[in-house]
Amino acid sequence: MSSILESIDFYFILESLIKIAIVFVIGLLSPVGMNWVERRTLALIQNRLGPNRVGPFGLLQSIADGIKFVFKEDIIPLAANRWLYTLAPIVMVIPAFMVTIVYPFGPEIDLPFIGPTKMYVTNFNVGLLYVLAMTSLGVYGIILAGWGSNSKYSLLGGLRSSAQVISYELSLSLALVGAMLQSGSLDLVKIVENQSGWGGMQWHIFMFQPLGFIIYLISAIAETNRVPFDLPEAETELVGGFHTEYSSSLKFAMLFMAEYVNMLTVAVLATVVFLGGWNGPFVKDFPVLGLLYFFIKISFFMFLYIWLRGTLPRFRYDQLMNFGWKVLLPLALINIVISAVIGLIVY
Amino acid sequence: MKEYLPILIVFIFVAGFAVTNVILAYLIGQHKNTRAKLMPYECGMDPVGTARQRFSVKFYLVAMLFILFDIEAIFLVPWAVVFKDLIYKLSKPFVFIEMMIFIAVLFIGYIYSWRKGLFEWNRA
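Chains as they are written, first to last, in the working numbering: chain A, 1 to 347; chain B, 1001 to 1124.
No lab work stands behind these hints, which were simulated from the structure alone. The beta-carbon is built from N, C-alpha and C at its ideal position, and this holds for glycine as well. One thing to keep in mind: the hints can contain errors.
Using 30 angstroms as the maximum straight-line C-alpha spacing, the simulated DSS-like pairs for lysine-lysine come out as follows [stated by the list, open to error]:
#	chain 1	residue 1	chain 2	residue 2
1	B	Lys1084	A	Lys118
2	A	Lys68	A	Lys118
3	A	Lys72	B	Lys1116
4	A	Lys284	B	Lys1084
5	B	Lys1002	A	Lys326
6	A	Lys190	B	Lys1116
7	B	Lys1092	A	Lys190
8	A	Lys68	B	Lys1032
9	B	Lys1037	A	Lys190
10	B	Lys1089	A	Lys68
11	A	Lys152	B	Lys1037
Chain A stretches covered by chain B per the calculated footprint, using a threshold of three residues with CB under 8 angstroms from any CB of chain B [claimed, not checked]:
#	stretch
12	96-103
13	119-126
14	162-168
15	174-186
16	249-263
Okay, chain B solo, but in the shape it has when bound (with noise of 0.2 angstroms):
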């Protein structure tokens, strides 16, 4: 288990550095407030209405949708590693179609939300 120790160090060490660093800038710099200062960003006009607006459902899908691909991806990985392994120890072809039957599964869903229109950008 040793060798997971440094993560831990690592982390205390970046961790000090960053806290440091945002102490450092409100510590070193001046603080000279103007309301035109600390107003948000918006080409130097005063903003109009309040950026906490709502926005396109895609974005929400895309999170939905790579939540999914990614847990599949999780899943090809330990397949992946004992690839090599399984390969001597088992028979070829069920260490093979096996993953491919998942695959195809895999490709079946995602077929399924392109035909659904999922990753149609340019449509509202």
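In isolation and in its complexed conformation, chain A is listed as follows (with noise of 0.2 angstroms):
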């Protein structure tokens, strides 16, 4: 017992413990940051002024919003299954933020004081699978989420969203074995440091895969459920889909957080193995313009979540499933072969 007391090092545990806590506020306010901007984006693409009262610009709306959350009352409908109707918000949270230690912000940094420190709670050698696995686990929360409520708009949003996830996660995971064959890595620092040749602008994309870049892009929009693959919510048909039951409490809140930790992944994940992370022109002289990148790039791809959800009307479903199998499918298996050819060639 003592020796496994001695090999734990506790510098090590108090270091990781301050990490997890930033990170989690950054998981716990993007969302809050993000509704903002979503809001008022949308808003202004369709002519008018989104939210605006509560504080300067509106800003504070999202907060008064959570604030509203917590105190309203928290219904369970007679025919929902208690246990299940409260367990899903739960398994759809915990493997939502349990990605976020992985984050790989930026290099290491000088700090004051401090002295040099990684931008990143953790890292090992299979992150990319650790990514991919807990990004599986959301489907769990969709499903008991949908059956557990007991509602037939639930039901039906519930099944719907977990088989379009299910089928957009493949060519998900296909597209990235294309750059995997690229780095030569499942390690999420390295994939970033193997593409920091050319000054800074060495990235997958360029790096031979553009078609590998679409297709994971497209996929993962499909997988975090947006516009226009956005069917599990459609709120025309079927009033919000799997969390029709969840009226405004914290419980909604917990589905609602879990899906933009969820979008903020996906876009962490785009960043990381296609455009460079946190590469960028002069990273190597000023480290800290690394963080600047990296969150350029992660608003880039949220103001793409914003943009699409503003021009584009959503899918039927059986196009939905036919683009998914059809497409993309195919897609991604040519592209690893493609890959597979031009590593023979250039390396």
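Both chains are sitting in their own frames, so use the hints and assemble them into the complex.
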């Protein structure tokens, strides 16, 4: 027993505790910020004002909404399965936040008073598989919420959502295989470092993965149930889908948060695997720039989500499944073959 | 192994957060239950029948196909990761052709399920 205790590095535990706390706060605040940006941008696109009453430019609107969530009545419908209904938000939030520890925000930066600090909580050699595994676990929350609510809308929404998520997850992971061929690693930090050539611009999207990037992007949007693939939550027919019965209490807030953190995760993965993570011009000389580049790249994806939502109509369900199975899946397989051929020629 | 330790820490952290949230939701909000409030939502009408109905077998088939193809994808991952190294150590065509055969077999299975009509959602 004592040997196990001695082998644990308490400094390391303290460091990871502090970092986890910081990353956790980022994960908690990002839905708040993204929600505000989303509502304001959609309002701009649709030529209206959007929330502008609470705080300057309506900045505190999302926080006001959050406080309202806390004080709302917590309803469990009589027909619902109480345990599953309560378990679903928990099952959805846990994997969503567990992924945040491997976000590689930036390179090692020399902080004042602290010394060189790595800008990520932890990093291990199966990082990419860990992210994929955790994001897959979100399906259980969706199907539990849909089934546990015992309402027809929820059941339909949950079924549709789980079928869609697993269909598009295939092309998503196959698109990542192409990038693995180029990087030769599953370690997220090594993948980023692999793209640091050409003065920080040797990103995998330029190094022979443009097709993989497009496949990944489409699958990622479908995976997170966003427009134009938002059939599970189609407001006009399913009244919200799997969270219809979660009247605006903290449980709904948890489902909502999990969805936004999942969006963040696929954006981080796209940035890390295809867009070079923190890499960019002059990062070698000024590592702090890396954090800025990372933030800009993530913001681009977040804006893309909102932009698409403001622009595109929704798919029909058979179109959605056809597109996933008949177009994206073979394209992803072809992309692997192309990447392997290019690998043969180049290496 | 110590780089895996934060996974355990963050799990405890987030699980605590999630359970606290559920308990908070129960404690803070008011509780005034009425019959209409606790009904499953069906556009304001009384619910017709039960929600525990049969659903299309298509969903089931999609889930089975997913398992098959996902396992194939997992087989591709180790090959992709060591591809660069193996090219230097072994002969180039061997590393390449071996996996192309695998992908071809995968593709034949894919075409078979397509021809069997597994992806035809607009047919009942």
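Hints versus structure:
no. : hint                    : result
1   : B/Lys1084 with A/Lys118 : holds, 28 angstroms
2   : A/Lys68 with A/Lys118   : violated, 37 angstroms
3   : A/Lys72 with B/Lys1116  : violated, 50 angstroms
4   : A/Lys284 with B/Lys1084 : holds, 26 angstroms
5   : B/Lys1002 with A/Lys326 : violated, 43 angstroms
6   : A/Lys190 with B/Lys1116 : violated, 43 angstroms
7   : B/Lys1092 with A/Lys190 : holds, 24 angstroms
8   : A/Lys68 with B/Lys1032  : holds, 17 angstroms
9   : B/Lys1037 with A/Lys190 : violated, 53 angstroms
10  : B/Lys1089 with A/Lys68  : violated, 62 angstroms
11  : A/Lys152 with B/Lys1037 : holds, 16 angstroms
12  : 96-103                  : holds (count 4)
13  : 119-126                 : holds (count 4)
14  : 162-168                 : holds (count 4)
15  : 174-186                 : holds (count 8)
16  : 249-263                 : holds (count 5)
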